[in-house]
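Please construct the entire structure, taking both the sequences and the accompanying hints into account.
So the sequence lines, in the order shown, correspond to chains A and B.
Take the first sequence: its position 169, counting from 1, is numbered 169 in my numbering, and each next residue is one higher.
Take the second sequence: its position 21, counting from 1, is numbered 21 in my numbering, and each next residue is one higher.
Note that these hints are calculated values from the structure, not bench results.
Among the hints, erroneous ones may be present.
Computed footprint of chain B on chain A; a stretch qualifies when at least three of its residues, placed anywhere within it, have a C-beta under 8 Å from a C-beta of chain B [stated by the list, open to error]: (1) 128–137; (2) 166–180.
Restraint-style ranges between C-beta atoms, simulated for each label pair [stated by the list, open to error]: (3) SER155/B / GLU65/A: 49 to 57 Å; (4) ALA17/B / ARG10/A: 41 to 49 Å; (5) MET46/B / SER238/A: 56 to 64 Å; (6) ARG144/A / ALA17/B: 31 to 39 Å; (7) CYS133/B / HIS270/A: 39 to 47 Å.
Short, incomplete list of chain B residues facing chain A, as computed with Cβ under 7 Å [what the hints assert, rightly or not]: (8) ALA9; (9) ARG13; (10) ALA84.
The C-beta atom is built at its ideal place from N, Cα and C for all residues, glycine as well.
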Amino acid sequence: MGNKAASGGRPAIGVTYEGGDPALLERLVEVADYLEVTPDFIAAGTGDDLRIRREILDEWRMAAEQVEIVAHGVGLSIGSATGWNEAYLRLVDELADTVPLRWHSEHLGYTTVDGEALGTMLSLPRTEEALELVCERVIRLQGRYPVPFLLENIARMLPDPDGDYDEAGFLNELCKRTGCGLVLDVYNLECDAHNHGLDIDQFLGALELGAVHELHIAGGTDVGGMKLDVHSRQAQLSTLALAARAAAAAPAVWGATYEVLPEAVPVLGHDVIVDEVTRLRAALS
Amino acid sequence: MSGQAVRLAAQQRALLALVKGRPVPAGKDPYIDMVRGTRGLAMLQMITVWWRRFDLERLAPLTSRALTHEGRFEDALTRLGRDADTPAAISALAMHFLEQHAQDADPLIAAVASTERALTLLARGDRSAHEVCWDRDPAPVLNALLAGRQPGPTSPGDFRVTVSHDLPTLIAVERRGDLMDSCHPVNVARIIDP
Numbered sequence: 001m002g003n004k005a006a007s008g009g010r011p012a013i014g015v016t017y018e019g020g021d022p023a024l025l026e027r028l029v030e031v032a033d034y035l036e037v038t039p040d041f042i043a044a045g046t047g048d049d050l051r052i053r054r055e056i057l058d059e060w061r062m063a064a065e066q067v068e069i070v071a072h073g074v075g076l077s078i079g080s081a082t083g084w085n086e087a088y089l090r091l092v093d094e095l096a097d098t099v100p101l102r103w104h105s106e107h108l109g110y111t112t113v114d115g116e117a118l119g120t121m122l123s124l125p126r127t128e129e130a131l132e133l134v135c136e137r138v139i140r141l142q143g144r145y146p147v148p149f150l151l152e153n154i155a156r157m158l159p160d161p162d163g164d165y166d167e168a169g170f171l172n173e174l175c176k177r178t179g180c181g182l183v184l185d186v187y188n189l190e191c192d193a194h195n196h197g198l199d200i201d202q203f204l205g206a207l208e209l210g211a212v213h214e215l216h217i218a219g220g221t222d223v224g225g226m227k228l229d230v231h232s233r234q235a236q237l238s239t240l241a242l243a244a245r246a247a248a249a250a251p252a253v254w255g256a257t258y259e260v261l262p263e264a265v266p267v268l269g270h271d272v273i274v275d276e277v278t279r280l281r282a283a284l285s
Numbered sequence: 001m002s003g004q005a006v007r008l009a010a011q012q013r014a015l016l017a018l019v020k021g022r023p024v025p026a027g028k029d030p031y032i033d034m035v036r037g038t039r040g041l042a043m044l045q046m047i048t049v050w051w052r053r054f055d056l057e058r059l060a061p062l063t064s065r066a067l068t069h070e071g072r073f074e075d076a077l078t079r080l081g082r083d084a085d086t087p088a089a090i091s092a093l094a095m096h097f098l099e100q101h102a103q104d105a106d107p108l109i110a111a112v113a114s115t116e117r118a119l120t121l122l123a124r125g126d127r128s129a130h131e132v133c134w135d136r137d138p139a140p141v142l143n144a145l146l147a148g149r150q151p152g153p154t155s156p157g158d159f160r161v162t163v164s165h166d167l168p169t170l171i172a173v174e175r176r177g178d179l180m181d182s183c184h185p186v187n188v189a190r191i192i193d194p
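Next comes the structure, spelled out in structure tokens:
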């Protein structure tokens, strides 16, 4: 993958980039193998009439000549019982028509209820009911886009409801029924361990790691005794070490992505973001 | 909706109500009763305000700053969280926020939001000209907000701001028919190219 992809089966290294910052882009394409873009971050319009800004599409098309592009959404709301977000899918259609995508991913959660925005993302109960709902939608997505589709474990803020599966069992069954892959966000695992006592070793031991095709690495913050997944900081050493463990144990990791919020870019600065990409590559080499 | 997701839908509706701080009857779902008093719920409610703050400070900086200087930004964020018609998409959220405050009872906030709405439309490719009435000289206000400073006292009067791709500086300020853009330039480059 990409002209800077590491050899010897090591994952390619990616970084989030939302467009509109040519100076950052120029540096990122020098150090990263792919860019992770989020269509809903740079859409324009209102309601159902959302479109990706043309100048950003042009920028991504140019970038695609140097690095690969993967799409990572936040707004599909694949787990909303009353319906997912069709407007988001039209953004992905627009993106996929313009830029060659290596893969497409979303979060295993929901952001809207009856079309009303939660203002955040919530995780799903690990029930058969929720599993059937998501599986049906994953299969529809796989028919719609000719690239692999991956789902990401999100950090849980609320206590775990009773379910039919444990953490790993739910993901294993989802992948088995649909053939979709997983984005394993290792920082989210650290959040769940800190906030809810998730046993990461037990989780990784039970997870079918062959389905893990991408790792997410980020840095967040601790507030009120809880670890928050806000992608605003550099990755901690523990996060990089966990990513390295997961990459070594999972046989088919295509990429590892350092995630940073657009709002955090001016705070961290270009040098730090570039250094984080380099640190991640070193940690996984 | 999937016919098999009825319980899930009921739980998600109850969680939406909890996150939004709306009343949720007790005793219907033990899980909802358990979530009600948790630290995680309180944190989620706080985080939703954070996300909206981050998004609006980035996508609607002039109006966010003007409301902050008036001591009203927190209330505006809370209102967005409470309202059922607040859009989910980030870009739509910013336009919704600007349209809300373009109707603000405070003429300064209304003028700033209307001007920023016009600039945002321009940045998104809108080719039409937009005119916004001000009851004071807009240039010192907009320049202070662009610099992150609190606007000082400005000359009262009937001013008109025009925002258009056809203007060399994209924005022009007029008073009683006298074009003043060359006297009081407003550099909006950072706003239209966020």
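With chain A as the partner, please determine if ALA9/B meets the hint condition of a C-beta pair closer than 7 Å. holds, 4 Å
Interface restraint verdict for ARG13/B against chain A (beta-carbon cut-off 7 Å): holds, 6 Å
Is 49 to 57 Å a correct range for the gap between the Cβ atoms of SER155/B and GLU65/A? holds, 52 Å
Taking 8 Å as the Cβ threshold, is the statement that the stretch 166–180 of chain A is covered by chain B upheld or broken by the three-residue rule? violated (count 0)
Go check the stretch 128–137 of chain A versus chain B for me, would you? Three or more residues, Cβ under 8 Å, otherwise it fails. With 5 residues in contact (Cβ-Cβ under 8 Å with chain B), the coverage given for the stretch 128–137 of chain A holds.
Would you settle whether the hint for ALA84/B is holds or violated, based on the nearest Cβ-Cβ distance to chain A being less than 7 Å? Constraint on ALA84/B satisfied, holds at 5 Å.
Cβ distance range 31 to 39 Å for ARG144/A and ALA17/B, holds or violated: holds, 32 Å
Does the beta carbon distance between MET46/B and SER238/A stay inside 56 to 64 Å, or does it fall outside? Since the Cβ atoms of MET46/B and SER238/A sit about 25 Å apart, the hinted range of 56 to 64 Å is violated.
Quick check on a hinted range of 39 to 47 Å for CYS133/B and HIS270/A, using CB atoms only. holds, 41 Å
Looking only at beta-carbon atoms, does the pair ALA17/B, ARG10/A fall within the given range of 41 to 49 Å? With Cβ atoms ~47 Å apart, the hint holds.
Hint check: violations occur at hints 2 and 5; the rest are consistent with the structure.
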